[in-house]
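Asks: Each protein sequence line maps, in turn, to chains A and B.
Numbering follows our numbering, with no gaps: position 77 of the first sequence is 85.
Numbering follows our numbering, with no gaps: position 316 of the second sequence is 343.
Be aware that a few hints might be false.
Claimed, not checked - In silico DSS-like links for lysine-lysine, alpha-carbon gap of 30 angstroms or less: (1) A:15 <-> A:189; (2) B:71 <-> A:17; (3) B:71 <-> B:236; (4) B:404 <-> A:52; (5) B:78 <-> A:17; (6) B:78 <-> B:236; (7) B:71 <-> A:15.
To be verified - Here are the computed distance ranges between Cβ atoms for each label pair: (8) B:139 <-> A:147: 22 to 28 angstroms; (9) A:95 <-> B:344: 32 to 38 angstroms; (10) B:344 <-> A:193: 44 to 50 angstroms; (11) A:87 <-> B:397: 55 to 61 angstroms; (12) B:306 <-> A:131: 44 to 50 angstroms; (13) A:31 <-> B:139: 34 to 40 angstroms; (14) A:87 <-> B:369: 26 to 32 angstroms; (15) B:408 <-> A:251: 40 to 46 angstroms.
To be verified - Residues from chain A that face chain B, not an exhaustive set, calculated with beta carbons under 7 angstroms: (16) 21; (17) 22; (18) 29; (19) 44; (20) 46; (21) 48; (22) 68; (23) 82; (24) 255.
What the hints contain is simulated information worked out from the structure, not anything from laboratory work.
Note that the Cβ used here is the ideal one computed from N, Cα and C, for glycine as well.
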Amino acid sequence: MIGYTTKLKDHFINPRNVGVLNDATVVGEVGSLSSGQAMKLFLKLDESENIVAATFQVFGSPSSIAAASVLTELLRGKHIDEAARITSADISNRLGGLPAEKMHTCVLAMDALEVAYARARGIDLDNELDEDEEFHVCRCYSVPEHKIERAIRDHGLTDIQGITHYTQAGGGCTSCHADLKAILGRVHAEKPAAAKPAPATAEGKPAFSNLALAQKIQEVLDREIRPGLAMDGGDMELVDIRDNKVYVTLHGHCNSCASSSATMKFFVQDRLREMVDPTLEVIDTTEHSAELHAPPMR
Amino acid sequence: MSNQPIYFDNNSTTFPAPETVEAILPMIGDGWGNPSSTHSFGQKARHEIEKAREGVARMLNCTPAELVFNSGATEGNNTAIYSAVESLPERKHIITTRTEHASVLEVARYLRDSGYRVTELSVDRLGHIDLDELRNEISGDTALVSLMWANNETGVISPISAAGDIAKQFGALLHVDAVQAAGKLGIDLTEHAAIDYLTISAHKFHGLKGTGALFVRKDAGYTPLLRGGHHERGRRAGTEAVLGIVAMGAAARMVSARLNDYAAHMQTMRDRLQHSLLNTLDDLVINGDQHERLPNTLNVGFRYIDGEALLMMMDAENICVSAGSACMSGSLEPSHVLLAMNVPLSAIHGSVRFCTSRYTSADEVDELVQKTAKIVKRLREISPFGHDHKPAGLTHEALQRHREYFAQVK
Chain A
9 MIGYTTKLKD HFINPRNVGV LNDATVVGEV GSLSSGQAMK LFLKLDESEN IVAATFQVFG
69 SPSSIAAASV LTELLRGKHI DEAARITSAD ISNRLGGLPA EKMHTCVLAM DALEVAYARA
129 RGIDLDNELD EDEEFHVCRC YSVPEHKIER AIRDHGLTDI QGITHYTQAG GGCTSCHADL
189 KAILGRVHAE KPAAAKPAPA TAEGKPAFSN LALAQKIQEV LDREIRPGLA MDGGDMELVD
249 IRDNKVYVTL HGHCNSCASS SATMKFFVQD RLREMVDPTL EVIDTTEHSA ELHAPPMR
Chain B
28 MSNQPIYFDN NSTTFPAPET VEAILPMIGD GWGNPSSTHS FGQKARHEIE KAREGVARML
88 NCTPAELVFN SGATEGNNTA IYSAVESLPE RKHIITTRTE HASVLEVARY LRDSGYRVTE
148 LSVDRLGHID LDELRNEISG DTALVSLMWA NNETGVISPI SAAGDIAKQF GALLHVDAVQ
208 AAGKLGIDLT EHAAIDYLTI SAHKFHGLKG TGALFVRKDA GYTPLLRGGH HERGRRAGTE
268 AVLGIVAMGA AARMVSARLN DYAAHMQTMR DRLQHSLLNT LDDLVINGDQ HERLPNTLNV
328 GFRYIDGEAL LMMMDAENIC VSAGSACMSG SLEPSHVLLA MNVPLSAIHG SVRFCTSRYT
388 SADEVDELVQ KTAKIVKRLR EISPFGHDHK PAGLTHEALQ RHREYFAQVK
């Protein structure tokens, strides 16, 4: 199937920690049938509030199942406060990057975690969670205003497409697009986007921690590389980062075209050196298939 | 044959029949001349094209001169709509339906931006247009009524004759997108005198991709999309795609010779599939009218699971099906056809289309059902909905509709 990484496919076909946890300490539930995705996160905490078991149930796309599966892996063994600091970028990175239009599936997993955390901390969410009573800006996907505002702030969204990717709002009948535009304007007016201070690079050593480096590299791949590849039906997956070596795999049409992969490697390396760190080296781990794709026949 | 997929995506494209492949082999070997050349080597190719045109004309029961070979349905639909509005320049209104293919809807919307009034007729829960709505909307200002013979996602068949009568009363032209009908339903253009333009595409009935034909009735206006040559009697410039055209002719001959047998086979296989899915799994919804429907199409909503998840797990089992229309995959957008039919979103998300062909075997159907059931059950185990508490998230109204569907099936 198009656009998914090997890691994502693995977590989708063989999801970890599926099912109801009968002795769960807290449960986080979000989503609905009509919005097309829903998740239940079950957490079992020991007496010092460490997560000893995490399981899930998901109704939704392959990426939402994979995101939930990865989240349960990330959660296990962590203290509940530490768990609350997990971000959707952590999930996305662990899946080897998600297509932009599927980012809302990470947000779903984060929402479930947030509800579970609030329950563990004894915060009464019943009033806050009564979304049925609330005005939905997007009626197709039942998305309330505060969720859209938060997504704009948290992820620095600048257009309607971004809102749709992160919250699904506006992805149905499109009649709410004018409202979404108004919300964008309002949120941007109240809080001008703060420029992220870029850490200085000292003597060729990466100025980023490993996670931050991975995030930065993923960002550059997502923004600069993958859209171009996607136009030709291809994709690139970030497999690993060790020292200054960036391991990538090519997918789709790129995968069957061994001649272009060398060119691609240097192009990606140049971009990463320019935008992230000048010492990075790109290593292509793709197993290039020699045979052409057979047409669908019986 | 183990590498061949279990293929139930025949409204997307079909297997190129041996008859089709056989017909083009000599064209590759020693029939590769340019049909526009005057020498006899080129004229041999010309002869094959005209033979193919006769084959397609026989399939539609029209004259060969009324057919323009082109690159397929998108070109056919575009050309027909532009031709219609240009031949009635004083009229500024177009009527189509909400469930048309994008190659009709997008053109209509483009014309709306250039000053045309466009009416998109609504459909009911079964996918049918309301002829009274058509009567109310049509006027002396209407240049064109464009509707599909059968819907690609649900297989629902439109009331072509009745709509044609209404169009003629107001002097409007009628375009029919018959892409899904060709090869599955009998098309007799002498019985449908109201049709001015009709679109077909070869790869939907065991021809090759990249070739189609537009029927243009003798007296209907025509504006070429491509200019720069006398090909297709000046109606479509560019050297003909000889292989595709010859293949289309062979496919048309094959299909029209035994259409009733093929359609009956498709229907037997489709019904076997539908009945055994309903017997194996709970919480299914059949989308669209089950009576006025193509013999090969089945659109099923599996509740509590997501269509893309289902598709991807089926793909891992080497099964080919579609969720909605192929152009939609990867997108968040729910099917515009099912949305227009007011299918509840909770059922749209898990809707999948299965389409049989003349080649589908009972063994394949049984294997499909067995694997589909396994995957649906697996995804429902993962899903928080639909376990012990059946009405999870379902409104009373939705549940009621769901029961009605079952009553109808039984």
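Asks: Next, verify each hint and record whether it holds.
Replies: These are the hints, each one checked on the structure:
1. A:15 <-> A:189: violated (35 angstroms)
2. B:71 <-> A:17: Violated, at roughly 52 angstroms.
3. B:71 <-> B:236: Given pair residue 71 of chain B, residue 236 of chain B holds - Cα atoms ~23 angstroms apart, limit 30 angstroms.
4. B:404 <-> A:52: Satisfied, since the Cα-Cα distance of roughly 26 angstroms is no more than 30 angstroms.
5. B:78 <-> A:17: Violated - the C-alpha atoms of residue 17 of chain A and residue 78 of chain B are around 49 angstroms apart, more than 30 angstroms.
6. B:78 <-> B:236: holds (19 angstroms)
7. B:71 <-> A:15: violated (55 angstroms)
8. B:139 <-> A:147: 22 to 28 angstroms: Roughly 24 angstroms apart at Cβ, these two residues keep to the hinted range, so it holds.
9. A:95 <-> B:344: 32 to 38 angstroms: The hint (32 to 38 angstroms, Cβ to Cβ) holds, given that residue 95 of chain A and residue 344 of chain B are roughly 35 angstroms apart.
10. B:344 <-> A:193: 44 to 50 angstroms: holds (48 angstroms)
11. A:87 <-> B:397: 55 to 61 angstroms: Violated: the Cβ-Cβ distance is about 46 angstroms, outside 55 to 61 angstroms.
12. B:306 <-> A:131: 44 to 50 angstroms: holds (48 angstroms)
13. A:31 <-> B:139: 34 to 40 angstroms: violated (60 angstroms)
14. A:87 <-> B:369: 26 to 32 angstroms: violated (48 angstroms)
15. B:408 <-> A:251: 40 to 46 angstroms: Cβ of residue 408 of chain B to Cβ of residue 251 of chain A: about 42 angstroms, so the range 40 to 46 angstroms holds.
16. 21: holds (6 angstroms)
17. 22: Nearest chain B Cβ about 10 angstroms off; hint violated.
18. 29: violated (13 angstroms)
19. 44: holds (4 angstroms)
20. 46: Holds: closest Cβ of chain B sits about 6 angstroms from residue 46 of chain A, inside 7 angstroms.
21. 48: holds (4 angstroms)
22. 68: holds (5 angstroms)
23. 82: At 18 angstroms from the nearest chain B Cβ, residue 82 of chain A fails the 7 angstroms test, so the hint is violated.
24. 255: violated (25 angstroms)
Checked against the numbered hints listed earlier, the structure breaks hints 1, 2, 5, 7, 11, 13, 14, 17, 18, 23, 24; every other hint is satisfied.
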